[in-house]
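Line order of the protein sequences matches chains A and B. Here numbering that gives the first Met the number 0 is used: position 33 in the first sequence is 32, and no number is missing along the way. Here numbering that gives the first Met the number 0 is used: position 206 in the second sequence is 205, and no number is missing along the way.
The reader is advised that the hints may include incorrect statements.
[Claimed, not checked] No farther apart than 25 Å at their CA atoms in a straight line, the calculated lysine-lysine pairs in the DSS-like style are these: (1) A/K91 / B/K5; (2) B/K5 / A/K204; (3) B/K111 / A/K51.
[What the hints assert, rightly or not] Distance ranges between label pairs, derived from CB positions: (4) B/M113 / A/P316: 37 to 45 Å; (5) B/V58 / A/E334: 46 to 54 Å; (6) A/S346 / B/D90: 37 to 45 Å; (7) A/D323 / B/A75: 19 to 27 Å; (8) A/E84 / B/P130: 30 to 38 Å; (9) B/Y168 / A/E272: 46 to 54 Å; (10) B/V58 / A/D107: 52 to 60 Å; (11) B/T271 / A/S346: 46 to 54 Å; (12) A/Q75 / B/G230: 32 to 40 Å; (13) B/D1 / A/E80: 57 to 65 Å; (14) A/K204 / B/F100: 21 to 29 Å; (15) B/K308 / A/D93: 22 to 30 Å; (16) A/A327 / B/V58: 53 to 61 Å; (17) A/N102 / B/G230: 41 to 49 Å.
By construction, these hints were calculated from the structure, which means they are not laboratory data. Ideal Cβ placement from N, Cα and C applies to all residues, glycine included.
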Amino acid sequence: MKKKILAVLLTVAMTAAMAACGSKEAEAPVEAPSEEAGGDAEAPAKDASDFKVGLITDVGGINDGSFNQSGWEGLQRAIDELGIEANYLESKADADYAPNIENFIDEDYDLIICVGYMLADATRTAAEANPDVKFAIIDDATIELDNVSCLMFKQEQASYLVGYVAGLMTEKDNIGFVLGMANENMHLFGYGYCAGALDANPDIKIQQINADSFSKPDIGKTSANTEITNGADIIFHAAGGTGLGVIEACREAEGVYAIGVDSDQAATIPAPETIITSAMKRVDNAVFDTVEALINGTLESGVHTYDLAAGGVDIAPTRDLLPDEVIAAVEEVKEKIVSGEVTVPSSQEEFEAAYGDVYELD
Amino acid sequence: MDVLIKNLGLLINATLIATPPLLLAALGSCFSERSGVVNIGIEGMMTIGAFTGAVMGLVLGNGWAAFFCAGLAGAAFGVIHAVACISFHADQTIAGTAINFFGPGLAVFLCKAMFDNSSDTPAMDPSCKLPKLFEGVFPVGSFWNNVLNVYSAAYLVFILAFVCWFVFYKTKFGAHLRAVGEHPEACESLGIDVYKVRYICVILSGFLAGLGGAFVTLATINQFRPSVIVGQGFIAIAAVIFGKFSPGGAMKACLLFGLCNGIKTLAAQSNTVSPNLISMIPYIVTILALVLFVGKAHTPAANGKIFVKSK
């Protein structure tokens, strides 16, 4: 008997869920034209506090000390300064992306910010089905839809700066790099890092390991230990959660420095003697700008690139462990990049033309 | 020669990072399975242990105390499993599956409730973690530093494996627990309290799995996040079957899995081998070892079967 009741309940739940999906899809096309026509006229009438913005993390989670966290910080600033309403949903697995987006759509959010290229497919599908909802995606430039803004970062420029720091700071002329996943977007970290290190110190040896995961701290730790054993005294990671293991390995080994990624990791991880600097992607600035544009009605679809000049990427403000002359040298290089005197390679061809086949992971 | 010794040190180091959590969980699984209760909830018990370890590390500031608390949290889940499977004769696989959903769900829920709606705990200070054995004694990167300067709990785990072996094969309780897993009716007729033995074993399995999870958050890294326990519990169960349901066999299997982690990293240097091939290494090694060296595993005869006490 119990089983029968349960079965009936489950059936009801499933039917309800399916009905909910069905009605949503049916609604969307009807609403779409009016939004297209009235979008501009409507926007000024809407008060800032009427805007609802949702952020969806990738599997890293909101406290990843990395771009998810940074994105949410940008939204929090938007709540404080612009008075919008905002919320976030965390994705625990790849399968959560689509349901999370659907959740925000169901609650009539105006803008949905998807953090990370791993959400690209889910974002594209949802954006096609809901042309009246605005989307923004971080680190992906492949979606060409009228309601999607792609926020791209020149991470190679920030990586160049930390590579430059590593080149100046290393005592053994031997540094390490741990990559989270081998793809075009992630390789940009490696190109920038290698280029910066080689420009600062042409004799430098750069050890490189692809940990092939963003969520395996034990592999990160083992990778860093391998590089430390082979003589590295500074290690840069671009590996999300795997990178926590990298930083932990550097902290445990005395005299080895770590370089963080995406946010100012020295500020979030209690390893005061270890993290000398971080290659920052100011996802917070990009998110804030996007929300501001949404409120002003100036939000444009397509690719928006945030570079060093625009404050989209930078070297971390925490620099307690860096000597003054290193800071001065880095500031100088930063100006040269902004002025165009120094160009940072942003593809395999550009890198290999300038430095040879030094980067091994591509 | 130097290169060889260096790489050997790295392999041992990697093994001592990856093996302990697996081995703790596998020893737990041994207790449960040998007493006749299938426990596929090891993964969920590890997750709650990992979470409790990280939180108690922050609260208590003492790694060993936090480690022990994590064991207790795992044991509490062991009690749930035991009550469902032994007293209420629930299907053991289903109860275990429920624990695998319940454990991570509760961990994330509590984490969000305690830490400002975040599913990760804040990183803890190094002094809150488990202690290391030879901090600063050997030069960084040397062979001995890689082999000896690891978390003391990593070595403790191997001692624990020996203790488990002793309990299994050299004590009266061990004989009872093995007998109960083979033929509970016969045991009952001889006056052994089958329920009591099974309760102890299942709760112990939760305790050990909780410790395994806490090793990750208190030694490998310094915080909990939902992605720290992803599949280790199932690998531990595989190791138990691979090791023919004995503590010694499980230890060998866990060492093999841990070693593969080291081989993966060594092979990943300089990208000479495709990362896709490298990630296959553990599985290929397992299949080869199974086919070549390990015979048929003998499953305890009463494993997974519901036993009802006669009145």
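Hints not upheld, ascending by number = 1, 4, 6, 7, 8, 10, 11, 14, 15, 16 and 17
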